[in-house]
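Number of protein chains: 2
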Amino acid sequence: MSVLIKNVLVGGKERNIYIAGNLIEAISEAGGIKEKVEEAEFVIDGKGKAAIPGLFNAHTHAAMTLLRGYGDDMPLHEWLSTKIWPVEARMTEEDVYWGTKLACLEMIKSGTIFFNDMYWHWEGSARAVAESGIRAALSAVFIDGFDEAKPKEQIRRNEALYEASKKLPDRIIFALGPHAIYTVSEESLYWVKEFSERNDLLVHIHLSETGEEVEECIKRYGMRPVEFLEGIGFLSSRTIACHCVHLSGKEMELLKKNDVKIVHNPVSNMKLAAGRMLYEGLKKAGLYSNIALGTDGCASNNNLDMFEEMKIASLVHKAFSGDPTSMPAEEAFELATRNAAKMFRLDSGVIEAGRLADVVLLDLKKVELVPNHNLTSNIVYSANGSCVDTVICDGRILMDGRKVEGEEEIKDKASEVAYELVKQ
Amino acid sequence: MSVLIKNVLVGGKERNIYIAGNLIEAISEAGGIKEKVEEAEFVIDGKGKAAIPGLFNAHTHAAMTLLRGYGDDMPLHEWLSTKIWPVEARMTEEDVYWGTKLACLEMIKSGTIFFNDMYWHWEGSARAVAESGIRAALSAVFIDGFDEAKPKEQIRRNEALYEASKKLPDRIIFALGPHAIYTVSEESLYWVKEFSERNDLLVHIHLSETGEEVEECIKRYGMRPVEFLEGIGFLSSRTIACHCVHLSGKEMELLKKNDVKIVHNPVSNMKLAAGRMLYEGLKKAGLYSNIALGTDGCASNNNLDMFEEMKIASLVHKAFSGDPTSMPAEEAFELATRNAAKMFRLDSGVIEAGRLADVVLLDLKKVELVPNHNLTSNIVYSANGSCVDTVICDGRILMDGRKVEGEEEIKDKASEVAYELVKQ
Chain A
1 MSVLIKNVLV GGKERNIYIA GNLIEAISEA GGIKEKVEEA EFVIDGKGKA AIPGLFNAHT
61 HAAMTLLRGY GDDMPLHEWL STKIWPVEAR MTEEDVYWGT KLACLEMIKS GTIFFNDMYW
121 HWEGSARAVA ESGIRAALSA VFIDGFDEAK PKEQIRRNEA LYEASKKLPD RIIFALGPHA
181 IYTVSEESLY WVKEFSERND LLVHIHLSET GEEVEECIKR YGMRPVEFLE GIGFLSSRTI
241 ACHCVHLSGK EMELLKKNDV KIVHNPVSNM KLAAGRMLYE GLKKAGLYSN IALGTDGCAS
301 NNNLDMFEEM KIASLVHKAF SGDPTSMPAE EAFELATRNA AKMFRLDSGV IEAGRLADVV
361 LLDLKKVELV PNHNLTSNIV YSANGSCVDT VICDGRILMD GRKVEGEEEI KDKASEVAYE
421 LVKQ
Chain B
1 MSVLIKNVLV GGKERNIYIA GNLIEAISEA GGIKEKVEEA EFVIDGKGKA AIPGLFNAHT
61 HAAMTLLRGY GDDMPLHEWL STKIWPVEAR MTEEDVYWGT KLACLEMIKS GTIFFNDMYW
121 HWEGSARAVA ESGIRAALSA VFIDGFDEAK PKEQIRRNEA LYEASKKLPD RIIFALGPHA
181 IYTVSEESLY WVKEFSERND LLVHIHLSET GEEVEECIKR YGMRPVEFLE GIGFLSSRTI
241 ACHCVHLSGK EMELLKKNDV KIVHNPVSNM KLAAGRMLYE GLKKAGLYSN IALGTDGCAS
301 NNNLDMFEEM KIASLVHKAF SGDPTSMPAE EAFELATRNA AKMFRLDSGV IEAGRLADVV
361 LLDLKKVELV PNHNLTSNIV YSANGSCVDT VICDGRILMD GRKVEGEEEI KDKASEVAYE
421 LVKQ
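Heads up: the sequence lines are chains A and B, in that order. The letter at position 23 of the first sequence is residue 23 when you use the numbering used here, and the numbering goes up by one with no holes. The letter at position 36 of the second sequence is residue 36 when you use the numbering used here, and the numbering goes up by one with no holes.
Calculated from the structure, these hints are not laboratory results. A portion of the hints provided could be inaccurate.
Given that identical chains are not distinguished, each listed pair holds provided it fits within a single copy or across any two copies.
Here are the simulated EDC-like pairs of lysine to aspartate or glutamate, each with C-alpha atoms no more than 16 Å apart in a straight line [unchecked claim]:
1. Lys257 to Glu148
2. Lys366 to Glu405
3. Lys13 to Glu420
4. Lys365 to Glu405
5. Lys6 to Glu29
6. Lys366 to Asp412
7. Lys365 to Glu407
8. Lys167 to Glu131
Make the full structure from the sequences, and use the hints.
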């Protein structure tokens, strides 16, 4: 497939972008690449639009779209035990499939071309992603609850999923998903580390999300969570540690030493009152380019709009630090693009010839983007997902003029399974 | 004018809403008010939509849309003195007119039907509001800078504007706008108080926005800002105090005693790192129903989307208090509707027969609103302004199917004047 985007703003200048296969082949002055006009199978008029890299949602539980608005404003444990866990226990692969379809639709409509997922019924998520056309790193929830009978079954399942994933499109990355240190035994964490090393797999884990997690860890292991993981040799440049709210200075150093990747989820942390990630501290520890942004699941956000996440990330650090220069717009934007692409080892996150063709077009006529003194500022502080007009992922047009194929069916079916799930 | 909205969800039930003149005349079961179908000049199909009260933006400087994204991520004083003030000094009435037109357009597109404004060139704002069809309380910036020559001129101007405002549509409320206690002398504040009493006018003031303001006040007057205003008899139920970030317990009591109204601007307070309003403290002081929400101007937000403001308000109090039950969705929604309507003495903010016809229809097919387990939760935590399909204000349809009259011209002209302003 080949796509020509004509007269679109790239870094403030009017350009043509020529996409061949899944790569950006060339970017030229407007009016250039004339010979390509006849070659291109699809021609998009980019006039009045700006091309930006597609956004990355670096931590979510996609199918939780089904639980959007089902439980809010509750104490954490009551929320989990009365609202979330009982419904999750009833979920089938088909439910997860429709929930993930809805999530992919929502992400495409808001300019996100990749998500890093951890959820139940991996096969349901994988099927939804394969159909949707976006990219994802998918991990199955690995929990053994310190029950000696469990690790074997979890290990076998992960080995089988890894094998199965090889037959799926390249857009789908198989990752390991040890849920957290308070739900997974040392033995299982050790297997994850070994298997990830052997197969060069990313490892997606919740880490130091709440104060209780840190306290429990100190009780169980006599040290803080990052120290414990360092002690068992778990940490590496493949580790994607989500939340990282409660870290000591020493723990930040250990994360840096092991080149661990960090996903910041400001909205979820605020909504659940989990605490605040020490962004400035992590930057000082040299970890800036290791940080990406995620929405977390829809039950604790309650949407998947990365524009909103960038804004709130920037605001929360200004507010808590008392410094209005903290996390400027350029940094928030990099967290959601370039940094995340590096984290997931994808040659994306930047609009440049030779890179993967993950291109989002913003409609500069949207009132939130008028006037356009500074596009990055408008993107981070004023836009929302509805400013996205066109989404191209891996060279394929997933949304054009805000139209996504099959949208009505996805919303209808996902609603149906969601209502059925909570009815019981 | 009469409007019939058929088969629309009101409080979870399918209803018809019949609007006659500027009032909601009747709300009946779907299929009811049959006799009105033929009478109604406009019939709107409400199927798949929910009717909610139009939102109130209780503190802004509307024409600052012209400066959206012009200066961000800077220390407060540098931002004001190098970016905002020099441009404001160059603004003409025509600039303010186009900036306010752009703001009205943005607010209509995001379901806001009222704003409380304080800005330069009052006449420009008033002209824009008169044309736009939305409601506003408009105050001119009253600053004397403690210069003895200034109060007279400011007083004369306000008296003249008040007279002029009587000829404008009822939708426009004239209010007094003493900027703040650090820019307005005691003498002028005293005049404002007298004139507001005599003419029953609302008084729009910035109060205790930053720590510096409190320190300066203690230096100048030997007491804290609210104590100072209480001392000169300034406070009343007509006082609309914006920000109220730095309050002592005693000051909260004084606000309660005088039935002062409070506008919370969480995004602006976060972006400028001004501090956090003590929402839970104000609630304990009995002030809950006196609080509304505002975006502040676009230079410190950088949009006018009240859906976003509701979400961030709720998040910030959960995050800072460590209590995930703080400011539940229902409260955030009330701050932006019922509480604000009361504050501005408008019989609006609720969808009920007999009330002003300020009705917003949400498109329940927007992916952010799917599934719909709880509409209020979806509105506060998941929606953004783009979920609004139709806006009716004062009985007049201002947006239908997201189309607003004259939209393209407003965006073009406002951009033009904005670029011209910052060029110099």
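Checked hints:
Within a single copy, Lys257 and Glu148 get their C-alpha atoms no closer than 32 Å, and across copies no closer than 63 Å, so neither meets the 16 Å cut-off. Proximity of Lys366 to Glu405 under the C-alpha cut-off of 16 Å is restricted to the inter-copy arrangement: shortest distance 15 Å between copies versus 23 Å within a copy. In this homomeric assembly, Lys13 and Glu420 never come within 16 Å of each other (Cα to Cα): the closest approach is 50 Å inside a single copy and 20 Å across copies. In this assembly of identical chains, Lys365 and Glu405 lie within 16 Å of each other by CA distance solely across copies; the values are 15 Å between and 24 Å within a copy.
For a Cα distance limit of 16 Å, the shortest separation of Lys6 from Glu29 inside one copy, 10 Å, qualifies, whereas the shortest one across copies, 52 Å, does not. For a Cα distance limit of 16 Å, the shortest separation of Lys366 from Asp412 across copies, 11 Å, qualifies, whereas the shortest one inside one copy, 28 Å, does not. With identical chains, the CA atoms of Lys365 and Glu407 are at most 16 Å apart between copies only, with a shortest distance of 10 Å across copies and 24 Å within one. For a Cα distance limit of 16 Å, the shortest separation of Lys167 from Glu131 inside one copy, 14 Å, qualifies, whereas the shortest one across copies, 61 Å, does not.
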